[in-house]
Amino acid sequence: MGYAHPEVLVETAWVAENLKDPKIRVAEVSVDITAYDQGHVPGAIGFNWKSELADQLRRDIPSKTQFEELLSRSGIGNEHTVIFYGDNNNWFAAWAYWIFQYYGHAAAKLMNGGRKKWADEGRPLIQDVPSHPRTRYVAKDPNASVRAFREDVLATLGKPGRGLVDVRSPKEYSGELLAPETLPQEGAQRGGHVPGAANIPWGMAVREDGTFKSAEELKALYEGKGITPDREVIAYCRIGERSSHTWFVLDKLLGYPKVRNYDGSWTEWGSLVNVPIEK
Amino acid sequence: MATADEIKQFVGKRVTLQLTPDAPRGPTVTGRILGVLSAADGLVVTLEPDGSPPGTRQTYHYHYIAAIRAAQDKS
Numbered sequence: 002m003g004y005a006h007p008e009v010l011v012e013t014a015w016v017a018e019n020l021k022d023p024k025i026r027v028a029e030v031s032v033d034i035t036a037y038d039q040g041h042v043p044g045a046i047g048f049n050w051k052s053e054l055a056d057q058l059r060r061d062i063p064s065k066t067q068f069e070e071l072l073s074r075s076g077i078g079n080e081h082t083v084i085f086y087g088d089n090n091n092w093f094a095a096w097a098y099w100i101f102q103y104y105g106h107a108a109a110k111l112m113n114g115g116r117k118k119w120a121d122e123g124r125p126l127i128q129d130v131p132s133h134p135r136t137r138y139v140a141k142d143p144n145a146s147v148r149a150f151r152e153d154v155l156a157t158l159g160k161p162g163r164g165l166v167d168v169r170s171p172k173e174y175s176g177e178l179l180a181p182e183t184l185p186q187e188g189a190q191r192g193g194h195v196p197g198a199a200n201i202p203w204g205m206a207v208r209e210d211g212t213f214k215s216a217e218e219l220k221a222l223y224e225g226k227g228i229t230p231d232r233e234v235i236a237y238c239r240i241g242e243r244s245s246h247t248w249f250v251l252d253k254l255l256g257y258p259k260v261r262n263y264d265g266s267w268t269e270w271g272s273l274v275n276v277p278i279e280k
Numbered sequence: 039m040a041t042a043d044e045i046k047q048f049v050g051k052r053v054t055l056q057l058t059p060d061a062p063r064g065p066t067v068t069g070r071i072l073g074v075l076s077a078a079d080g081l082v083v084t085l086e087p088d089g090s091p092p093g094t095r096q097t098y099h100y101h102y103i104a105a106i107r108a109a110q111d112k113s
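These protein sequences, in sequence, are chains A and B.
If you're matching positions, the first sequence starts at 2 in my numbering and goes up one per residue.
If you're matching positions, the second sequence starts at 39 in my numbering and goes up one per residue.
Derived by calculation from the structure, the hints in this document are not laboratory data.
Just so you know, not all the hints are guaranteed correct.
Unchecked claim - Just so you have them, the derived chain B footprint on chain A, three or more residues with Cβ under 8 Å:
hint, stretch
1, 71-78
2, 180-188
Said to hold, decoys possible - Taking beta-carbon pairs under 7 Å as the criterion, some of the chain A residues facing chain B (in silico):
hint, residue
3, Gly3
4, Leu20
5, Ala36
6, Asn89
7, Pro134
8, Met205
9, Glu209
All values derive from a computational prediction rather than experimental measurement.
Even glycine gets a Cβ: it sits at the ideal position worked out from N, Cα and C.
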């Protein structure tokens, strides 16, 4: 058994061999927004998840217009294949990948193992910032099938044909923490999880070197917790980036037909009035 | 709960993990720690359990690890 869509994943060695391919753009998206400036894969563009992959007024992902402008000024054209990587095992790289799928840029891939594996292999990280000519990127209309909103989560409750997967750490799931322990404990009014959600932390999907587990191992992991391909699945975390990682696994590696990422995630659900919470 | 620093000292070694009641496959597991991944939401620990076919991996978020100790040699 192999991955359902193996073409969405590339290894570090492949990236190293294809850095000079003019049809490819490599992009770093790290949780630590200073990481890119400290050193990045040669030729890589840096995207700032706070300022460039989010609307700066509303809480939302970039609008279609903002997305088009970001890609155009970054030198990414509709013809380019974009390879994403980042720290924290590709959390925000997966977030960027998911946004690209939302706006219909199918030619995108994740670098397996992310920034850490690249660095662990002794591959170069440089500070030169590439300069690509501006493009005129045209995005497709949003692909609503990859994104869930709070109403979609509410509609899932109590429905056996639908499933929720909470990919946060066990203590966030239990409500002991509101956020990862290294971050301020804020952003949601209440702790806990959406009723019926299975807790499968994102990290369960990767090997000790950060690369994804085999399809067999992933199948056993998710199906063992009741997250089966016959169900409509929604993944969530705290702000939607860790759940992008799990969305990638379920949608792209396992080929589940109906998987969505709830980017409102716990910071929204845990602050909503009159919705159920379990601890 | 075992700390991340405590767990990192056992990478490559056989250990017994005492797991929290909500952890999968508890209450204890013995095997070799293949590696750990540090992330902003904590440590991810990958272990090859004793008696399992080669290449078998079990992964635990460190929130599930109540205590860790070196395992006695297999006899």
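Worksheet item: Going through the earlier hints one by one, which of them does the structure break, listed in rising order?
Response: 1, 3, 4, 5 and 7
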